[in-house]
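These protein sequences, in sequence, are chains A and B. Residue 51 in numbering that gives the first Met the number 0 sits at position 52 of the first sequence, with consecutive numbering throughout. Residue 8 in numbering that gives the first Met the number 0 sits at position 9 of the second sequence, with consecutive numbering throughout.
Just so you know, the hints here were simulated from the structure itself, not pulled from any lab data. One or more hints might be untrue.
To be verified - Distance condition first, Cα-Cα at most 25 Å in a straight line; then the derived DSS-like pairs of lysine-lysine:
(1) A:Lys46 <-> A:Lys110
(2) B:Lys6 <-> A:Lys42
(3) B:Lys4 <-> A:Lys42
(4) B:Lys4 <-> A:Lys46
(5) A:Lys46 <-> B:Lys6
(6) A:Lys173 <-> A:Lys20
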Amino acid sequence: MLAELLLAVVYGLLLLGIHRKVIARIQKRPGPPIWQEVLHILKFSFKTTWVPATASGVLFVGVVIIAIAIWTAALLVVIAGGSLMILFGIYMLHKIVEHGFGLSSGSPYGKFGGVRSVISAASEIPLFVSVSVIALFTGTLMIDEIVAFEGANGPLLLLAPPAAIAMYLVILSKMPFGPFSIVESKELVSGYKTEHFGIWRAGLEVCNGLKTFVLLNAFVLVFIGALPLWLLLLLMLAILVSLSFVCALTPMLSPFDSVTVQMIITGLMLVYAIVVWVMI
Amino acid sequence: MMARKQKMAILALLSGSVCLLAGVLHTIGTFDLVAAGIVLIIAFPAFVLSLFALWMAGEHAGDIPFMGY
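Here chain A stands alone, though its shape is the one from the complex (with noise of 0.2 Å):
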């Protein structure tokens, strides 16, 4: 179990490595090394480290700890074969997480990061939707009864690619440099974490790890089913490829875009749910 918590930590940021630099090299530039991600903790955890003076000093460091702690547990859920509502439930936090961060640090920087991240909850809504059309094509929410379903009658991708599209534009919402990034957008500086520098940048980057590790990984296992650990990674990071092929041509929305796409895939999702529902 810790060796699955190191491989998730380790392994996610070098996805967001890996993610950076595709990006990079689709826009003709050569981008960082693949490791910078973990450079970037390196890098942190030796820089000086204080609470700035406007910060609440509580909830400034509380939410780093919280950051790490919540995508341990959805990593631990997802080891366990665990429910999705609980997935559902950490991934709102997060959202609560963010607006922590932005909040506590008594920037205008990280407030308007933080004032977004609540827009941004639209993003979550799609996700409602999809984990409904799972619940109607298996009858479970347990991740590992999904697998089980999916052993004897295939996987949902193609039992439901809506859901599944669903799911990885909810997965999309939350990578960096993408068309619904809204909270990190350059006008805001870092957004929501603009003022967590040192060791506190450090630990939001080993909670980006483990966040980014653990969405992936229950994608696959929601959608395509239990498969051996060398092929997980591998679907893994062909789903990241994809998604930063996304991110690298697609502009960043504005705040209100950002969230009228997300209602118009909800809605859809919404129509094809209830067309499950009947038909079922």
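Since the structure of chain A is provided, determine the placement of chain B on it from the hints.
This is chain B only, laid out in the frame that chain A set:
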């Protein structure tokens, strides 16, 4: 400076040992996944931050903060 470093070293050692112990006990079957998971959820963030704090650079009282408009 030394006192703070020592505190962080103790915290890193303690939380790291707890993580390791939970992992080992789960592997040999003494701890079930839920119990080991709860221990890891608490101890792993503490280990990560205390480890980083252990080797962080010098300490200062704070910057001149931006006070807002």
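Hint check:
1. A:Lys46 <-> A:Lys110: holds (24 Å)
2. B:Lys6 <-> A:Lys42: Holds, at roughly 22 Å.
3. B:Lys4 <-> A:Lys42: holds (19 Å)
4. B:Lys4 <-> A:Lys46: Holds - the C-alpha atoms of A:Lys46 and B:Lys4 are around 15 Å apart, at most 25 Å.
5. A:Lys46 <-> B:Lys6: Since the Cα atoms of A:Lys46 and B:Lys6 sit roughly 19 Å apart, the hinted pair holds (cutoff 25 Å).
6. A:Lys173 <-> A:Lys20: holds (17 Å)
The structure shown violates none of the earlier numbered hints.
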